[in-house]
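Each chain is listed here by its residues.
Protein chains: 2
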Amino acid sequence: MRQRLLRYIPAIGWLRRYDRHALGNDVAAAALVTVIVIPQSLAFALLAGLPAEAGLYASILPCIFYAIFGTSNTLAVGPVALISLMSAAAVGDVATQGTAGFMIASIYLALLSGLILLVMGLLRLGFLSNFISHPVISGFITASGILIAASQMKYLMGIDVPGDNAVELALGFYRNMDETSFPTLALGLPALAFLYLMRDHLGPFLAQIKVSNRVSVILVRLGPVIAVVVATILVSWLNLAQQGIDVVGEVPAGLPPLALPQGSLELIQNLMVPAMLISIVTFVESVSLAHKLAARRHERIDPDQELLGLGTANIASAFSGGFAVAGGFSRSIINYDAGARTPAAGAFTAIGIGLITLFFTPLFSNLPKAVLAAAIIISVLSLVDFRAVRETWKYSRHDGAALVGTIGVTLVFGVIPGILTGIALSLILYLWRTSRPHSALVGRIRGSEAFRNIARHDVETDPRVLILRVDESLYFANARYLEDRVFTVIEEQPQLEEFILMCPAVNYIDASALDSLEAINGRLHDAGIRLHLSEVKGPVMDKLNQSRFLQGLNGDVFMTTYEAWCELRTKPANTDPGAVHPDS
Amino acid sequence: MRQRLLRYIPAIGWLRRYDRHALGNDVAAAALVTVIVIPQSLAFALLAGLPAEAGLYASILPCIFYAIFGTSNTLAVGPVALISLMSAAAVGDVATQGTAGFMIASIYLALLSGLILLVMGLLRLGFLSNFISHPVISGFITASGILIAASQMKYLMGIDVPGDNAVELALGFYRNMDETSFPTLALGLPALAFLYLMRDHLGPFLAQIKVSNRVSVILVRLGPVIAVVVATILVSWLNLAQQGIDVVGEVPAGLPPLALPQGSLELIQNLMVPAMLISIVTFVESVSLAHKLAARRHERIDPDQELLGLGTANIASAFSGGFAVAGGFSRSIINYDAGARTPAAGAFTAIGIGLITLFFTPLFSNLPKAVLAAAIIISVLSLVDFRAVRETWKYSRHDGAALVGTIGVTLVFGVIPGILTGIALSLILYLWRTSRPHSALVGRIRGSEAFRNIARHDVETDPRVLILRVDESLYFANARYLEDRVFTVIEEQPQLEEFILMCPAVNYIDASALDSLEAINGRLHDAGIRLHLSEVKGPVMDKLNQSRFLQGLNGDVFMTTYEAWCELRTKPANTDPGAVHPDS
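Taken in sequence, the protein lines are chains A and B. When we follow the working numbering, the leftmost residue of the first sequence carries the number 56, and every step to the right adds one. When we follow the working numbering, the leftmost residue of the second sequence carries the number 56, and every step to the right adds one.
What the hints contain is simulated information worked out from the structure, not anything from laboratory work. Computed from a predicted model, the values in this text were never measured in an experiment. All residues carry an ideal CB built from backbone N, CA and C; glycine is no exception. Please note that the accuracy of each hint is not assured.
Across the chosen pairs, the derived CB separations fall in these ranges [what the hints assert, rightly or not]:
#1 Gly304(A) - Ala155(B): 53 to 61 Å
#2 Gly304(B) - Gly463(A): 53 to 61 Å
#3 Leu605(B) - Val328(A): 38 to 46 Å
#4 Trp69(A) - Gly577(B): 26 to 34 Å
#5 Pro518(B) - Arg71(A): 28 to 36 Å
Here are a few chain A residues that sit away from chain B, every Cβ distance over 10 Å (derived from the structure) [claimed, not checked]:
#6 Arg62
#7 Ile64
#8 Gly68
#9 Gly227
#10 Val275
#11 Leu277
#12 Gln317
Make the full structure from the sequences, and use the hints.
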């Protein structure tokens with residue numbers, strides 16, 4: 056019982072060892088994270104199509120729940136760009152932005168994702184996230200980064216451009232370009248330039264003047280905070296909101312009520328597929344980030360428990376007026392570099408943001424959206440990684456195709472079709488590859504016990520004995536191919552009497568492949584050819600012993616191919632198959 | 056050009072060699088097939104929820120198109136039980152049985168399946184059918200057989216029971232049982248008994264009195280024809296239709312018009328998923344049957360070209376008032392045993408059924424539905440294969456679970472969710488298995504060059520050198536697992552300096568696994584451990600050479616594990632890694 060509690064509520068473990076030293080570190084990290092994530096949280100709420108305060112709400116309770124159930128000491132959860140974009144796209148299909156229905160749908164999307172993550176965690180289904188290959192994730196993130204940057208351009212230009220794919224956005228910009236607000240541009244472009252310089256040149260400069268790396272990372276991340284503060288002061292001072300510069304406007308003060316709005320069954324049905332996709336992306340991204348951070352400090356995380364942490368965080372977000380959350384890259388890096396020791400840092404961040412939501416929201420009313428957009432654009436540019444495209448393509452055409460396909464579909468059709476296509480491409484290309492496994496006819500290297508590819512080496516062969524080596528596990532996707540391959544090679548060899556299937560690379564034979572082996576055995580039998588196996592691995596042999604295949608096999612199973620070769624080759628032609636064993 | 060024509064229209068090839076001998080055989084086979092498939096075609100139309108004549112229409116043009124584009128000499132296409140049931144279930148979701156909309160939807164379903172098959176054929180996508188494992192197909196067929204038999208019971212009892220899953224059917228029977236028509240039962244039960252005896256006992260009896268196997272097969276298959284003829288005569292003679300016995304009723308004479316009814320875009324969207332599933336089942340079932348028949352005569356078929364044959368057959372069916380068709384087991388067996396030589400036999404069958412549709416439809420009006428139902432029930436019982444369940448379960452829990460899951464979902468939720476679940480289960484269980492590959496720490500068998508599992512053998516080890524053998528290709532589904540496994544084993548071995556990954560069973564390393572190898576390399580580097588590879592296969596090594604992984608590798612790649620062992624083991628501790636090569 057106690058073990059179970061400890062396993063499901065990691066907080067019990069670290070709270071018992073909690074001391075003043077950890078407290079000091081955690082509070083310091085939380086203070087820094089609070090300041091830095093405020094502009095982010097507001098901006099990602101806008102990206103998700105929601106009022107700015109939703110971003111604050113999504114950074115309070117979720118942090119506390121992740122602190123209780125999560126296993127990473129440094130992962131900080133809250134709104135993140137990728138998930139906010141997916142939320143906007145999914146909810147945009149069932150409701151109109153700006154309506155109450157849109158907010159309700161966003162909340163239900165977070166609730167469903169949370170429940171899915173929770174159930175996956177309780178059933179220990181973390182392995183399901185393995186279904187997406189890295190190139191697909193990388194392509195998806197690159198394309199999403201481009202989409203996010205493109206979608207934020209409208210705030211920089213002060214125009215209205217709807218759409219959640221590159222085609223719609225491009226059309227929208229083309230149509231509405233002449234409505235560009237130049238005051239907005241005059242504020243946004245310098246902000247963009249400033250943020251770009253901060254991100255790309257402040258770090259190297261600080262390194263030159265020997266500022267330590269940890270301090271440098273934090274100073275660089277303060278860029279958006281500085282931009283937001285300066286811009287807000289400018290707008291208030293010069294009364295720019297009257298000049299047509301779009302601002303965040305009044306943000307209600309006070310904590311969100313703990314309640315779930317009324318939703319319909321139809322809404323839940325419509326959001327089910329996007330919620331699944333969002334949970335997968337949330338899990339994959341958060342866990343890979345948590346892994347990286349943990350590895351640096353030689354800590355470990357438990358992926359299945361992470362599902363519970365992320366699941367409860369999303370459910371908490373839904374119950375407190377937030378939207379879908381995940382482990383965020385930049386808030387986690389700050390948390391890590393500022394020296395957070397335990398998940399308590401997350402809880403302290405929640406308290407910090409809670410205080411701000413209670414007392415300081417009036418400060419945000421004059422915050423210009425153009426500057427928030429500039430901050431998003433600069434931050435997502437680091438998601439775009441074309442070098443990975445080139446490298447992946449060079450390494451493997453299949454992986455490269457999956458990556459390019461995912462980027463293409465995401466850009467043209469949007470994030471939901473994009474990630475679906477990516478998952479399908481991962482699987483299809485994998486199955487396609489293993490469905491035509493590498494196989495080679497082999498012969499004996501003269502004077503040795505080794506057998507090599509006939510096409511590549513000068514080897515000894517025998518027209519009555521054929522040896523085929525298959526370099527893949529045998530399973531449903533390649534069972535038919537194996538049959539075809541065997542029948543093709545035996546057709547070309549009319550004198551054939553003994554056929555040896557060499558299995559050193561066969562790690563598994565599933566029931567479909569067993570059917571095919573039986574079919575091959577039957578057909579070879581009809582043709583007067585015996586089927587032998589050689590170098591069958593232990594676990595595979597154990598399985599075969601449980602089936603009736605070996606009883607029906609009209610040849611033998613040999614430990615080594617050389618043994619089979621000696622026995623079958625020295626056998627005089629046309630003898631009784633019962634009297635096969637020679638004296639040699 | 057000519058090669059292309061020959062490839063896409065196999066009929067050109069065999070027509071040039073066509074002679075009187077083949078003609079005689081084909082016509083004789085076609086005559087027999089025509090007689091035997093008439094009751095079947097009528098019955099499967101009823102099973103698909105359509106008027107009886109649709110079954111005849113679906114046996115005319117499709118046969119001709121398959122004869123032109125198909126590659127099997129003996130496969131006979133037309134309505135088949137499994138596809139008819141799937142068609143009824145899919146169309147039942149969008150239209151009400153007995154309405155014009157139902158017929159239109161059935162036609163569009165055939166059209167869409169045909170187009171999907173055709174496109175798959177033109178793109179040579181036959182390999183996609185490999186995605187369903189044999190156990191899943193076998194479970195699906197068993198469950199469908201049970202569902203078909205259950206759905207036909209209503210005709211035997213003369214009551215109305217709607218529903219396309221076992222739960223609905225059971226409830227329906229329970230509710231309407233008291234309306235059972237005893238005259239119908241009095242006709243149907245003897246027919247059932249007669250057909251059962253014909254199927255199971257006529258063959259052995261004929262074998263005893265030395266009737267040849269070929270003749271015996273044909274006589275056995277004549278059972279339904281005899282039952283139908285006798286029952287029709289009885290009904291006409293005793294005027295049983297007036298006694299409440301349900302008959303086929305008036306079947307319009309004449310060939311169907313060549314036209315496609317008006318359909319809507321919404322209908323097409325709703326039928327898209329079922330059409331895909333029907334095409335996959337059509338293809339898998341027809342091709343596996345064609346393969347078996349071809350193998351017996353040492354002929355070959357071309358699966359990709361079969362897609363064109365089956366696709367055009369379905370499109371032709373849609374344009375002539377039919378419904379979804381496939382290669383039928385019993386009609387093909389008759390065709391084979393009656394000695395069909397070329398696909399022309401199919402075209403002659405089409406002519407035979409055409410003549411019957413033109414001139415003999417009045418004969419069917421008094422055909423009792425109960426006897427058709429009895430014929431279906433007896434014929435589908437052979438689809439139910441519980442032995443396969445037991446054997447598969449015994450051989451592999453995974454395959455067994457996929458099989459049982461498919462049967463369960465098909466029975467409880469119907470055929471469409473059933474086959475979807477089956478496909479998902481095949482893939483998930485496969486990925487789950489390969490996502491936790493077998494791996495073993497190995498040591499050297501004293502005095503040899505062989506390395507074996509430490510847990511199983513008494514082997515020589517070294518606390519500074521660890522060798523891990525992974526028995527699976529490395530790809531996205533197991534990339535994370537590999538990382539975890541490596542970090543776990545190195546944690547347990549504090550003196551470790553050299554880590555060797557032994558790769559004799561690694562047939563492929565995809566981009567995701569390459570990322571993981573890089574992560575492992577980096578993390579081992581941080582821990583002061585070098586990463587080496589041994590026994591990397593040629594094709595895998597070629598790939599690695601195209602990546603930057605080998606430049607970053609902080610250890611070496613060795614041809615054999617023994618070589619690595621000699622070099623790394625004799626290395627004096629704590630020397631410069633640049634001066635590793637010993638003199639030995």
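10 Å Cβ clearance of Gln317(A) from chain B: holds (29 Å)
Is the distance from the Cβ of Trp69(A) to the Cβ of Gly577(B) consistent with 26 to 34 Å? Since the Cβ atoms of Trp69(A) and Gly577(B) sit about 27 Å apart, the hinted range of 26 to 34 Å holds.
Hint check for Val328(A) and Leu605(B) - Cβ pair distance inside 38 to 46 Å: holds (42 Å)
Taking the shortest Cβ-to-Cβ distance between Arg62(A) and chain B, state whether it exceeds 10 Å. holds (17 Å)
May I ask you to check that Val275(A) keeps its beta-carbon over 10 Å from the closest beta-carbon of chain B? Check passes; 23 Å lies beyond 10 Å.
Between Pro518(B) and Arg71(A), does the beta-carbon spacing fit 28 to 36 Å? With Cβ atoms ~34 Å apart, the hint holds.
Minimum Cβ-Cβ distance from Gly227(A) to chain B exceeds 10 Å: The claim holds: Gly227(A) sits with its nearest Cβ about 26 Å from chain B, beyond 10 Å.
Is the Cβ of Leu277(A) more than 10 Å away from each Cβ in chain B? It holds; Leu277(A) is separated from chain B by about 29 Å at its closest Cβ, greater than 10 Å.
Does 53 to 61 Å hold as the CB distance between Gly304(B) and Gly463(A), or does it fail? Since the Cβ atoms of Gly304(B) and Gly463(A) sit about 55 Å apart, the hinted range of 53 to 61 Å holds.
Quick check for students: does the CB of Gly68(A) sit more than 10 Å from each CB in chain B? holds (19 Å)
Beyond 10 Å on every Cβ pair: is that true for Ile64(A) relative to chain B? Non-interface label stands for Ile64(A): nearest chain B Cβ at 23 Å, farther than 10 Å.
Using the Cβ atoms, figure out if Gly304(A) sits within 53 to 61 Å of Ala155(B). Given range 53 to 61 Å: holds, Cβ gap about 57 Å.
Consistency with the previously given hints is maintained throughout, with no hint failing.
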